[in-house]
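Number of protein chains: 4
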Amino acid sequence: MNNIIKVAIIGGTGYTGLELLRILSQHPNVKIELITSEPDHVGKTLSDIHPYLHGIANFKLFSINEIKSRDIDVAFLALPHGISMKFVKEFGFNKFNIIDLSGDFRITEKEYNKWYQNNHICPDYIDEAVYGMPELFFNDIKEAKLISNPGCYPTSAILPLAPLFKAKLLDPSTIIIDSKSGVTGAGVKAKQSTHFPGVNENFLAYSIFSHRHTPEINQVLSYKSKSTVNVLFTPHLLPLNRGILSTIYAKPIHRINKNKVYEILKSYYSIHPFVNIVDKLPGVKDVCGSNYCNIYADVDEDKKIIVLVSVIDNLIKGASGQAVQNMNIMFGYDQVTGLKALPLVP
Amino acid sequence: MNNIIKVAIIGGTGYTGLELLRILSQHPNVKIELITSEPDHVGKTLSDIHPYLHGIANFKLFSINEIKSRDIDVAFLALPHGISMKFVKEFGFNKFNIIDLSGDFRITEKEYNKWYQNNHICPDYIDEAVYGMPELFFNDIKEAKLISNPGCYPTSAILPLAPLFKAKLLDPSTIIIDSKSGVTGAGVKAKQSTHFPGVNENFLAYSIFSHRHTPEINQVLSYKSKSTVNVLFTPHLLPLNRGILSTIYAKPIHRINKNKVYEILKSYYSIHPFVNIVDKLPGVKDVCGSNYCNIYADVDEDKKIIVLVSVIDNLIKGASGQAVQNMNIMFGYDQVTGLKALPLVP
Amino acid sequence: MNNIIKVAIIGGTGYTGLELLRILSQHPNVKIELITSEPDHVGKTLSDIHPYLHGIANFKLFSINEIKSRDIDVAFLALPHGISMKFVKEFGFNKFNIIDLSGDFRITEKEYNKWYQNNHICPDYIDEAVYGMPELFFNDIKEAKLISNPGCYPTSAILPLAPLFKAKLLDPSTIIIDSKSGVTGAGVKAKQSTHFPGVNENFLAYSIFSHRHTPEINQVLSYKSKSTVNVLFTPHLLPLNRGILSTIYAKPIHRINKNKVYEILKSYYSIHPFVNIVDKLPGVKDVCGSNYCNIYADVDEDKKIIVLVSVIDNLIKGASGQAVQNMNIMFGYDQVTGLKALPLVP
Amino acid sequence: MNNIIKVAIIGGTGYTGLELLRILSQHPNVKIELITSEPDHVGKTLSDIHPYLHGIANFKLFSINEIKSRDIDVAFLALPHGISMKFVKEFGFNKFNIIDLSGDFRITEKEYNKWYQNNHICPDYIDEAVYGMPELFFNDIKEAKLISNPGCYPTSAILPLAPLFKAKLLDPSTIIIDSKSGVTGAGVKAKQSTHFPGVNENFLAYSIFSHRHTPEINQVLSYKSKSTVNVLFTPHLLPLNRGILSTIYAKPIHRINKNKVYEILKSYYSIHPFVNIVDKLPGVKDVCGSNYCNIYADVDEDKKIIVLVSVIDNLIKGASGQAVQNMNIMFGYDQVTGLKALPLVP
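Protein chains in written order, with this note's numbering: chain A, 1439 to 1784; chain B, 1439 to 1784; chain C, 1439 to 1784; chain D, 1439 to 1784.
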């Protein structure tokens, strides 16, 4: 079990690809065997594209096809949705395991085609994909060959809600998730919506009722609660780089108090090293640069509403850190290996 | 009616005092007769305390007592709560009108003593104070001698909700207000909670279930709806200077669609120059530097939830701009006088 | 002379165009007669492109040719360099005055062709253009038909240096200008270099030895000093929206002390309302939202170096505010008309 | 040599103390034996003071005297200047090595008393202290018992200049250092000068001609150049958390070109793992979260001026990372141990 894992990062020049590189380069049991990028970049080095890596991470960029001639244990797909499924369709997951960070294998074909305005090209593989949230699906991840790594918003929403749904505490028709994300969630490519002067000193809601992470949240919570969960999800854009804070409102089925909610959350997460149940309201900076998710809870007993506040680093627990955690589990390592960095504060 | 209004700014060195100076110095019908400050500053000039005003706004700072020897039409109280009521108790509002920007005259004595942990020293004056939200209480403001200027969060919450309550559309037990404010709301004095490295690149919720603006929102909406409104209010701190965005969730009593909500809002605000009902999701920058409040609405018909998004500049429509709007109305001027500046974008 | 000035804003959807709109819409003697934009926007309204203007500044966008059928007193060209000269070549400046905010008429044809990698198409007009810096060329501006409005960096560099050069105090071979600018200087269109996560929490130098504002600074200072000034200019990008701070190092020809430098600066600027000589180190926020330039000076007598620090709002004194100041002078109004707004702090 | 180093962090609740904790907790050969804090905090845990550490770094806070009863190999002093020398005077450095991050042992007694307005209480120890900049004093550090860890600004200034001085290239009377620092350099305690709304969207110079890091830069460069170096140093405050960028202007004694400067820098730093000589202008984000210093150079051959641009993370290479690098060298480990983290970008 203590062999070196040979990994490929497919799509190494985007934010999640760079974050995989950053984490994996400190991992004691990993060798980065291959980094690929889009055709324009092939033949260049990673530091040609991202000069901050000059002299400290020298990797040549290859085309995706290079994977055929390499001996790889696991490929991380840090690709846009729509592109990941092409990779999986072409290469399968027999020669190497796959951890896909896109949205291509998270939801059913029907939901995918509706929310992503795209026809899924290998729907059979959706069923074979395991949803890579270790706190909910640890045993499945151990056996998985294809992991669908969770979305950033869903990670921040599902972790606080799942234990309460599992405890049959929540009315599934009442869930409101008011989420606020930093700008790295929008990816590495410049767009008018991420032009500095328009985002800086600004704050706005977007994609109201229509964000693609909605069906993912519903599907996982419905599965865990054995009921039909249909959340109202409102994402907002924060003028900062990293971090998601979700403020979640939910009505309990029975009268409940704060202590009982903490008891359920603490009990559920007592064996999970990356979820902290905290008793002070957390900020996104509390976890940035780390794989932690911090969760706070309170109950307004008069109004019978539970308020949950969760924070994650969207690029780590919300993407590449969780992906490495999944890799650790898949390959039989302690899940915290290479992921123990404290938050970079301030 | 077209005489010059002689104003005093009581507490001229805090953010709302500075903002009153900024707005009033452009007002065509105002003469700033007196600016007072705390004892340590008396005898200095405003630019000794705030060097950016050097050479452009030269005012000597006086003690509050100076007001006795001046001929003043209206005094703006830009004081902390608890201090404002002392001023009103001592000087009354017969010799000059008062527009108080603190929380001292907004809510009933009973609620005040509970939420502000303080015994009100002149509770009789609370009844005489008019809540200075022109879009709701225009006629009362015209006749008022003592105006209690609304809080910043309440302005952002009440403006979108009041017309819908007035139309008897909303279930008063279902209101959730998820608000996000810039840091100037915390005032001019440095505290550990406003230390730059702790706020920058951070985002957090605070004062959950316990913020003092909660009873103010409840009181005004209850009055307007003739029912008992009891909102759940969650404030958050944004890493930016100016602006509040409130995302509001409310259940309608009857089935309703988005068009109908817009119809009610547009109809209500058609005669109010500072509230824009907008059809694109607004950001706080859309109104910063201006006295506008922009409001967006949507309805999830399946889940029967109305979502409202409002934005204001917390120091202008949320404080000093609204105060000047009140002054205009009190003194018979067009309410927009001196307040027509476009937002400073970007 | 107290007639209304009828203005056209040519290029109304960029940052300097929007800033002209913001300032001119408060100007008591101006009517905005026409706003043009690029072909794709023609027929839309300004608020279609910039939704924050919805309901508060309703202008239809026209093509440039519309100017032929309008009665215009002055056209502000808020166009990219290269496009401005086409406009001037086509329409001339007989039917209306022109204030050009681009770099097309600031420097000699020879320098233009070299630094802008472009052949000037109407070089004869360069000679007719007056450099629109009122503190240096007031009388020329009064008579001008075509004004070349100064660049943002040059404004911040020339204002502190010119009086000292005029007093024959400085060695022209020793000038180092270390400037730092906010991101609005890069314009309204998104580029990879202005992608929020790359700029936020970052700071960098750029265009070292090669920035196009270098020959402009040299030309004006050489003219004023009657010597050959050849500055070393290093621009940097600040993670904020508005503001330029220039730290300038210069060797005096003779021994000099701080008092003498202040005397020269204060004497020179005593009659100029928008330049403040300050005795505390200024920050960019001290002037943001206003047309002021604040200047601080100190002398290291041992090392015989004068240090000057200047701050401006790059979009106002560095662009649109200075342009309106020029218009006021051209049309015989007090130069401060419509420009008296205090800085928006904080 | 491969034993565990038992360390004490003296002053664990400030930014450099927290950063030592963050780095040392990932160091494979370190055990954090003791963390002390000010009297008010003794008996509490680190996470009582900094809640983000709750559940992930549980340390009890002790008084300084606790060090007497512990077996410690090295104490890091993350204390304010003036307090560090009291610790050294009381405990000496025989029982354990000391790495002092304050300014107390960096400069001569005479300079210290002048610049720090304080009488040094153990001036004999200044001579015994080794200046802990491994790229300049590696061999001395190996033998040291008391290390004076460099200041943040001096690190950013000395690293680019020292090799050029060593090569006798620079005129020592011509050095201008224009530095820009993030706000964490001002420490963990809130002050009016670090109040968020005053720093955010602002940029200013401070402590012109009077910053305490000036004599430190002069002393080290004078020593290395065997001449009297007397720099002009201008610090500025950037509206961001971490990072220093220094733009340095220096006149060469002889004519020189860019290639030659690169040759000298690359040659000097070829054996030093944490200094990268880069050919693209670096930003502070390029190194934030890492122990790297990136250096860029250019030469204006006409004006005979060398421009150097350096970037560091002020809390890592400018403080705690460099301190751990010194510890590694002192204890015979590879200097990069525990310091190989890639920058956290973006």
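Hints should not be assumed to be uniformly reliable.
Treat identical chains as interchangeable: a pair holds within one or across any two.
[Claimed, not checked] In the EDC-like style, the derived pairs of lysine to aspartate or glutamate whose C-alpha atoms are separated by at most 20 Å in a straight line are:
#1 K1469 to D1565
#2 K1444 to E1549
#3 K1741 to D1609
#4 K1698 to D1565
#5 K1698 to E1581
#6 K1742 to D1609
#7 K1689 to D1738
#8 K1696 to D1509
#9 K1552 to D1738
Source of the hints: derived by calculation from the structure; they are not laboratory data.
Now for the hints, and whether the structure bears them out:
no.	hint	result
1	K1469 to D1565	neither (30 Å within a copy, 47 Å between copies)
2	K1444 to E1549	neither (34 Å within a copy, 56 Å between copies)
3	K1741 to D1609	both (14 Å within a copy, 13 Å between copies)
4	K1698 to D1565	neither (36 Å within a copy, 42 Å between copies)
5	K1698 to E1581	neither (34 Å within a copy, 52 Å between copies)
6	K1742 to D1609	both (11 Å within a copy, 15 Å between copies)
7	K1689 to D1738	both (10 Å within a copy, 18 Å between copies)
8	K1696 to D1509	neither (52 Å within a copy, 44 Å between copies)
9	K1552 to D1738	between (37 Å within a copy, 18 Å between copies)
Going down the numbered hints, you'll see the structure goes against 1, 2, 4, 5, 8, while the others check out.
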